[in-house]
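Number of protein chains: 2
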Amino acid sequence: MTRFDFTISATDGPARTGVIRMARGEIRTPAFMPVGTAATVKAVKPADVRAAGADIILGNTYHLMLRPGAERVARLGGLHRFMGWDRPILTDSGGYQVMSLSELTKVTEEGVAFRSHLDGTRHLLSPERSIEVQRLLGSDIVMQFDQLVPTTAPREQQAAAMERSVRWARRSREEFDRGGAHADRAALFGIQQGALDERLRKESADALIDIGFDGYAVGGLAVGEGQEAMLGCLDFAPAQLPADRPRYLMGVGKPDDIVGAVQRGIDMFDCVLPTRSGRTGQAFTADGPLNLRNARFSEDREPIEPGCPCPACSTFERAYVHHLVKSGEMLGAMLMTEHNLWFYQRLMKGLREAIAEQSLAAFAGEFVTRYRSSPSRSDGDRSA
Amino acid sequence: MTRFDFTISATDGPARTGVIRMARGEIRTPAFMPVGTAATVKAVKPADVRAAGADIILGNTYHLMLRPGAERVARLGGLHRFMGWDRPILTDSGGYQVMSLSELTKVTEEGVAFRSHLDGTRHLLSPERSIEVQRLLGSDIVMQFDQLVPTTAPREQQAAAMERSVRWARRSREEFDRGGAHADRAALFGIQQGALDERLRKESADALIDIGFDGYAVGGLAVGEGQEAMLGCLDFAPAQLPADRPRYLMGVGKPDDIVGAVQRGIDMFDCVLPTRSGRTGQAFTADGPLNLRNARFSEDREPIEPGCPCPACSTFERAYVHHLVKSGEMLGAMLMTEHNLWFYQRLMKGLREAIAEQSLAAFAGEFVTRYRSSPSRSDGDRSA
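Just so you know, the protein sequences line up as chains A and B, in that order. First residue of the first sequence: 1216, per the working numbering; consecutive thereafter. First residue of the second sequence: 1216, per the working numbering; consecutive thereafter.
Calculated from the structure, these hints are not laboratory results. Each hint should be verified, as a subset may be incorrect.
Identical copies look the same in the list; a pair holds intra-copy or inter-copy alike.
[Claimed, not checked] With a straight-line cut-off of 30 Å between C-alpha atoms, the simulated BS3-like cross-links for lysine-lysine are:
(1) K1321 - K1541
(2) K1257 - K1417
(3) K1564 - K1541
(4) K1564 - K1321
(5) K1417 - K1321
(6) K1257 - K1541
(7) K1321 - K1469
Just so you know, these numbers come straight off a predicted model, no measurement behind them.
Make a model of the complete structure from these sequences and hints.
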């Protein structure tokens, strides 16, 4: 059984394409992971997530530990069995959500004490508990527990959070390695911190490499710093991480963010945009995002995206989807989400093929020019 | 091209089984029509409605004329093309919803003037406009426009409404026959009124037969009179209608209502119960309804209904569906609705087979005894 193997088959500048092999299946990189927060990629059946081309999905430790509860999921045979997805699942550490969603958080060296946003019950997330929860869920790719601060925080705070994240990375590694059968099957990723500061990023990377991980995430980005600052950071951060390990940019992003990040050497992504946008009527297309709520679509007989091979575009017209979205019908969210998942997976496929053909610059240039210059962008309906 | 042909292949007492043949496909009877109010069977893709076994669905004239509008649907190629359902569609006349949903209604001999519940705009539904709307939608089975009064209204009101409904039936017939190509392809059903009164029902039936329709609905039931009163009416009402024409019980109903009505000679049904219940966490099973929100399902590893071959039951456990429903996840509504549609279609198949085998009494007795006596009924979660 292959626990975790990353083979790079081609490179094009800093960009790489390859395959991660794990017991539950292969992950073609660059890969986009749809987000299945509460044990469901919202509004889509697991078989349709797979049909869209996803090799791996993401589950949220924070949400799942609160509802239905990690111990319950374990008693029910693990997250894969529970939600009907038999391919790899990456779980985050809960570190991001505990700061953004929970109440009355208190951060100490031990971890983060908080109250559930659902029912006010008290919980502690520490490196040990985070890894334990991810083990109970049966995660394939486990993320270390880390501490986040805004990119706008003072440098001393950034440095302190990065250093604490390194200490938590070591505790995460130790707890993961105590995991027995789970450790024999799953992989553990470290998370580089250091905000937009090249030296802090380098210190973080070196310390994580010293501990040793199967893959490395670039953390702390896509939190409001803007695309230019994010890509600026990606001009140096990925190169600080081992070339032979997958690099994962957490929480990113918009299609043009992903293209820019792949050009800078990122291999894995996750983001709620395709699913969340699908529920609010925004469709992704090669000509930029479309807000299907707009009255100009009320008698538009084109599919959501002309030429798209997805089930929604193969059967239905924009006029119908517009009607569904305007009427608040669940089928609208279902069709839009499915299309958006296909769009993201087709983009990843295009990126992989372009890298294999050493034509990424041309692909990226054409994609971004068309995506950003479309008249549809004048709607101002591009998601933040 | 067969416009409308009803062939009865077997009878068992008053019950019949057979096939309605129309240009867009065959309808096996007794048939249950899932309700697609606003051009969608809520939370289910059309292909999955078909996979559940549905030969025909119902569309609501009132909802569709207000949004997206009948003229718009016509410009977009008709309701079938619009919503991606290429088999028969029956449309109601709007008479029921205009009284239950709209505001400031005014009923005259001409028709019903009302304000839209969506935006307050003024509209008129008359026999002529109702038939025109159904023609614009491209309906396969068109319902006459009728007037409803509560079953508790005084007999004079019942008689007056029944007589007006007969006059509106004639106007509906005349307008339908002016429909050209649509009239050559579609069928028109009359609606028997007369509340629970056998003589009024007989007068209504005789007058409708004199006008002549492709099929006949038993109208004005399932409006709160209770199962006993409804079945009591069905002890005489269907027999007053032509034996060689389909009989359609509008808005019914619970599984045991359907069984009792089939035993009394009804061929067609529609009801929002399987879809609406699916969105509120109620599953139909042969052992009675289950409320999947109940905490006792939180670690239940059975499928929604053991033995059910539907896609939801083939993949997921009650514990997962419970989690989805409790978490307000759309996938919960999707899976529950799909299961409920399969349950209803499997019930209809069982009824058809039992009639064909002359064993309806045994089938119905076993079904109703098991359905009503289940411990799950003690939840008090049976839908009204």
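Comparing the hints with the structure gives:
With identical chains, the CA atoms of K1321 and K1541 are at most 30 Å apart between copies only, with a shortest distance of 28 Å across copies and 42 Å within one. When the C-alpha separation of K1257 and K1417 is checked against a cutoff of 30 Å, the pair qualifies neither within a copy, at 37 Å, nor between copies, at 53 Å. Taking the closest pair of Cα atoms, K1564 and K1541 never come within 30 Å of each other, the shortest separation being 32 Å inside a single copy and 36 Å across copies. When the C-alpha separation of K1564 and K1321 is checked against a cutoff of 30 Å, the pair qualifies neither within a copy, at 42 Å, nor between copies, at 60 Å.
For the identical chains of this complex, K1417 and K1321 are intra-copy neighbours only, at 28 Å inside a copy versus 76 Å across copies, given an alpha-carbon limit of 30 Å. For the identical chains of this complex, K1257 and K1541 are neighbours both inside a copy (19 Å) and across copies (14 Å), given an alpha-carbon limit of 30 Å. Within a single copy, K1321 and K1469 get their C-alpha atoms no closer than 32 Å, and across copies no closer than 53 Å, so neither meets the 30 Å cut-off.
Hints 2, 3, 4, 7 from the list above are not met by this structure, while the remaining hints are.
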